[in-house]
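Number of protein chains: 4
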Amino acid sequence: MATISIVHFSGSGHTTKMAEAVVQGAASVPGVTAQLVTINGDDINKGRYKNDDVFKQLDASDAIIFGSPTYMGGPAAQFKAFADASAERWFRGGWRDKVSAGFTVSGSPSGDKLSTLHYFFTLAMQHGMIWVGMAESPYNDKGINRLGSFSGAMGQAGQEPTDVAPNAADKHTGELLGQRVATVALKLKR
Amino acid sequence: MATISIVHFSGSGHTTKMAEAVVQGAASVPGVTAQLVTINGDDINKGRYKNDDVFKQLDASDAIIFGSPTYMGGPAAQFKAFADASAERWFRGGWRDKVSAGFTVSGSPSGDKLSTLHYFFTLAMQHGMIWVGMAESPYNDKGINRLGSFSGAMGQAGQEPTDVAPNAADKHTGELLGQRVATVALKLKR
Amino acid sequence: MATISIVHFSGSGHTTKMAEAVVQGAASVPGVTAQLVTINGDDINKGRYKNDDVFKQLDASDAIIFGSPTYMGGPAAQFKAFADASAERWFRGGWRDKVSAGFTVSGSPSGDKLSTLHYFFTLAMQHGMIWVGMAESPYNDKGINRLGSFSGAMGQAGQEPTDVAPNAADKHTGELLGQRVATVALKLKR
Amino acid sequence: MATISIVHFSGSGHTTKMAEAVVQGAASVPGVTAQLVTINGDDINKGRYKNDDVFKQLDASDAIIFGSPTYMGGPAAQFKAFADASAERWFRGGWRDKVSAGFTVSGSPSGDKLSTLHYFFTLAMQHGMIWVGMAESPYNDKGINRLGSFSGAMGQAGQEPTDVAPNAADKHTGELLGQRVATVALKLKR
Numbered sequence: 001m002a003t004i005s006i007v008h009f010s011g012s013g014h015t016t017k018m019a020e021a022v023v024q025g026a027a028s029v030p031g032v033t034a035q036l037v038t039i040n041g042d043d044i045n046k047g048r049y050k051n052d053d054v055f056k057q058l059d060a061s062d063a064i065i066f067g068s069p070t071y072m073g074g075p076a077a078q079f080k081a082f083a084d085a086s087a088e089r090w091f092r093g094g095w096r097d098k099v100s101a102g103f104t105v106s107g108s109p110s111g112d113k114l115s116t117l118h119y120f121f122t123l124a125m126q127h128g129m130i131w132v133g134m135a136e137s138p139y140n141d142k143g144i145n146r147l148g149s150f151s152g153a154m155g156q157a158g159q160e161p162t163d164v165a166p167n168a169a170d171k172h173t174g175e176l177l178g179q180r181v182a183t184v185a186l187k188l189k190r
Numbered sequence: 001m002a003t004i005s006i007v008h009f010s011g012s013g014h015t016t017k018m019a020e021a022v023v024q025g026a027a028s029v030p031g032v033t034a035q036l037v038t039i040n041g042d043d044i045n046k047g048r049y050k051n052d053d054v055f056k057q058l059d060a061s062d063a064i065i066f067g068s069p070t071y072m073g074g075p076a077a078q079f080k081a082f083a084d085a086s087a088e089r090w091f092r093g094g095w096r097d098k099v100s101a102g103f104t105v106s107g108s109p110s111g112d113k114l115s116t117l118h119y120f121f122t123l124a125m126q127h128g129m130i131w132v133g134m135a136e137s138p139y140n141d142k143g144i145n146r147l148g149s150f151s152g153a154m155g156q157a158g159q160e161p162t163d164v165a166p167n168a169a170d171k172h173t174g175e176l177l178g179q180r181v182a183t184v185a186l187k188l189k190r
Numbered sequence: 001m002a003t004i005s006i007v008h009f010s011g012s013g014h015t016t017k018m019a020e021a022v023v024q025g026a027a028s029v030p031g032v033t034a035q036l037v038t039i040n041g042d043d044i045n046k047g048r049y050k051n052d053d054v055f056k057q058l059d060a061s062d063a064i065i066f067g068s069p070t071y072m073g074g075p076a077a078q079f080k081a082f083a084d085a086s087a088e089r090w091f092r093g094g095w096r097d098k099v100s101a102g103f104t105v106s107g108s109p110s111g112d113k114l115s116t117l118h119y120f121f122t123l124a125m126q127h128g129m130i131w132v133g134m135a136e137s138p139y140n141d142k143g144i145n146r147l148g149s150f151s152g153a154m155g156q157a158g159q160e161p162t163d164v165a166p167n168a169a170d171k172h173t174g175e176l177l178g179q180r181v182a183t184v185a186l187k188l189k190r
Numbered sequence: 001m002a003t004i005s006i007v008h009f010s011g012s013g014h015t016t017k018m019a020e021a022v023v024q025g026a027a028s029v030p031g032v033t034a035q036l037v038t039i040n041g042d043d044i045n046k047g048r049y050k051n052d053d054v055f056k057q058l059d060a061s062d063a064i065i066f067g068s069p070t071y072m073g074g075p076a077a078q079f080k081a082f083a084d085a086s087a088e089r090w091f092r093g094g095w096r097d098k099v100s101a102g103f104t105v106s107g108s109p110s111g112d113k114l115s116t117l118h119y120f121f122t123l124a125m126q127h128g129m130i131w132v133g134m135a136e137s138p139y140n141d142k143g144i145n146r147l148g149s150f151s152g153a154m155g156q157a158g159q160e161p162t163d164v165a166p167n168a169a170d171k172h173t174g175e176l177l178g179q180r181v182a183t184v185a186l187k188l189k190r
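For the record, the sequence lines run as chains A, B, C and D.
My numbering numbers the first residue of the first sequence as 1 and each following residue consecutively.
My numbering numbers the first residue of the second sequence as 1 and each following residue consecutively.
My numbering numbers the first residue of the third sequence as 1 and each following residue consecutively.
My numbering numbers the first residue of the fourth sequence as 1 and each following residue consecutively.
Just chain A, with the same shape it has in the complex (with noise of 0.2 Å):
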């Protein structure tokens, strides 16, 4: 058995359509349990997180997938301060040796969401933690991975509406992600 936790942030609830396909994904590997956890701004007083309960279900988890829309640049604020929050887990290694992986959404085709994942994986590191990437080939015809994102899954999302965008090729990209992570999570677990 092993757990995943999907923890994300999401300003206008397209992250979090693009975070239920990689759980659905997670979730649909016979003996892992995946969970959605949300980072909410309003646990986030002067800049600084603080939810007790989100950092012991990430805690309980074997696997952590990171996920936020890319907002000038890089992972939204509340994602960051999240991650500034994790400090206390750092100094102590708590979650050395977890699998991790991250996607975003932003609204143009590349549009810089390379360097949030970048920054997932940088934070991973920083946590000794063991990076699980996006492994399908854009060259298909079914539209997964169609950005051509590698290092984590990528979704396109503008003002649109949440049931239009992300579209169903990012969603279905984002199960694949979580599919595999939970495929490595187990591995890692016998």
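Since the hints were made in silico from the structure, they are not lab data.
A portion of the hints provided could be inaccurate.
Any copy will do: because identical chains look the same in the list, a pair fits if it lies in one copy or spans two.
[Stated by the list, open to error] The calculated DSS-like cross-link candidates involving lysine-lysine, where the alpha carbons are at most 27 Å apart (straight line), are:
1) Lys189 <-> Lys50
2) Lys46 <-> Lys142
3) Lys187 <-> Lys50
4) Lys187 <-> Lys171
5) Lys189 <-> Lys46
6) Lys189 <-> Lys56
7) Lys46 <-> Lys56
8) Lys187 <-> Lys46
9) Lys187 <-> Lys56
10) Lys189 <-> Lys142
11) Lys56 <-> Lys142
12) Lys50 <-> Lys171
13) Lys50 <-> Lys142
Let chain A serve as the given structure and place chains B, C and D on it in line with the hints.
Relative to chain A, chains B, C and D alone:
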């Protein structure tokens, strides 16, 4: 005449020391006014930064230099909240063609500080700004740019008192960054 | 008068098409001479690039714009061999204060092109150059900066003929980068 | 049983010293075979790398650890030529799910080494590999990870003889990276 704003967040005061050195360097250039702008956690509500006076100061500046400690592999959440709030300027190209630069402080010699500088650069590019880095060779006997950083200035400080770290060499490095940015901003304004 | 060199490697010709557009944009600015400089694999011996004429052209330029396809998540090895050979200029600060910028081409919309642009930036910073990015919003009806890149210009091309890809919008994007670099270089030279 | 390949380029021998330490660390794990693979400039013709034996060794490995000096802000061109040649494996997903990691050496404490490690990571993600970083806190009295690097191992060496630099602490750091990669590779292979 050119106006240079050094906008920074500091958690423990070390980054403020570095910021003051950058201000001093910029102010040393004839024809330049340099001002220290501080991002205050009190201006962040649920992860969103709001301070119209700060943005008015920056709108009226010819160059903006970004500063933050490196927390968990990136800029502090408080800085990121400020960056996210700059999206309003992004929409209307308000900072286009301003000169930009950055500096960061953390405990170890390397320590993912480059990730923070790369984020500052990415933010500046989103705004259509012009980036000026650290053009000093680390091979000198004064400790200038002793850590070997080119994208911006790096200072080192952990738990030491703020009158000890960042050390004189790091502050001198910051001064030279301020000076260089001021010189370029003046040239572009002629 | 300002001289702008667009130095690029191209494997299949797509990046040359993009480079020509950048040249055209730079040359459209009154008072600017723009020249296409090509990195040739024949000048690489055991992984080391040597071509004194190329370096003399660049030494005499006010701005250098770097271009390469994105291969395996970064600039082509041929470009990197050229970059490594520029170390001689690095030692004596030969390119300090020149204006710099970059563009890249690859098959998918995002596809780690930002990693290549970030490398060009890092190279420019090593040299103490001043970086100028892509200051065009992707939200327009002409396809300008349609991929959403700010650190430099991105073009998309896979196996298509070079008269088809990169497409007109991408080449127009490259043109605007050339124009902007030329404008900044002229201003700094006054 | 797991096979770990440490594939590296070295210009002046310092990176080979680091590579040997990584090999030693990997080989110290029971059930693991570790081999040093060297990228030779002689195998590069007009910027293109070709050596079928090297690729056969890597194809047969459970983990591949990348190593290169940091030249002009990124991996050496010789390493990049090798990386470009790995595109054939990329097309058919030949390295998918292998474990990956990286290390680099340069003259100053920080010095854009993170840019090289980020490139190694980006390359590994293109291949669908699983990334393992440096999970050692820099806060210890043995100099382990003294430079403060998490994405991979960093060593420092300039013009010193190779028996002096990288120093014992940096080599010990490399050893721990090799050990960690070997442990993860074994677990995933069970």
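Original post:
Is it within, between, both or neither when you check Lys50 against Lys171 at 27 Å Cα-Cα?
Top reply: Cα proximity of Lys50 and Lys171: none, with 30 Å in one copy and 33 Å across.
Original post:
When no copy is specified for Lys187 and Lys50, does a C-alpha distance of 27 Å or less occur within a copy, between copies, both, or neither?
Top reply: neither (32 Å within a copy, 35 Å between copies)
**OP:** Up to 27 Å between alpha-carbons, please classify Lys187 paired with Lys56: within, between, both or neither.
**Re:** both (23 Å within a copy, 26 Å between copies)
Original post:
Is it within a copy, between copies, both, or neither that the alpha carbon of Lys46 lies no farther than 27 Å from that of Lys56?
Top reply: This pair counts as both: shortest intra-copy Cα distance 22 Å, inter-copy 21 Å.
Subject >> Status of Lys171 relative to Lys187 across identical chains (alpha carbons, at most 27 Å) >> reply: within (25 Å within a copy, 30 Å between copies)
**OP:** If the cutoff is 27 Å on CA atoms, where do Lys56 and Lys142 land: within, between, both or neither? Let me know, please.
**Re:** Result: close neither inside a copy nor across copies, 38 Å intra and 32 Å inter.
Original post:
Using 27 Å as the alpha-carbon threshold, which applies to Lys50 and Lys142: within, between, both, or neither?
Top reply: neither (41 Å within a copy, 34 Å between copies)
Subject >> 27 Å Cα threshold - placement of Lys50 relative to Lys189 >> reply: neither (29 Å within a copy, 39 Å between copies)
**OP:** Pop the pair Lys46 and Lys142 into one bin, within, between, both or neither, using alpha-carbon distances up to 27 Å.
**Re:** neither (44 Å within a copy, 38 Å between copies)
Subject >> Identical-chain pair category, Lys189 with Lys142, by Cα at 27 Å >> reply: Classified as neither; 32 Å inside a copy, 31 Å across copies.
Subject >> Lys189 and Lys46: within-copy, between-copy, both or neither at 27 Å Cα >> reply: This pair counts as neither: shortest intra-copy Cα distance 38 Å, inter-copy 37 Å.
Original post:
Given identical chains, is Lys187 near Lys46, meaning Cα to Cα at most 27 Å, within a copy, between copies, both, or neither?
Top reply: neither (41 Å within a copy, 39 Å between copies)
In summary, the numbered hints that this structure violates are 1, 2, 3, 5, 8, 10, 11, 12 and 13.
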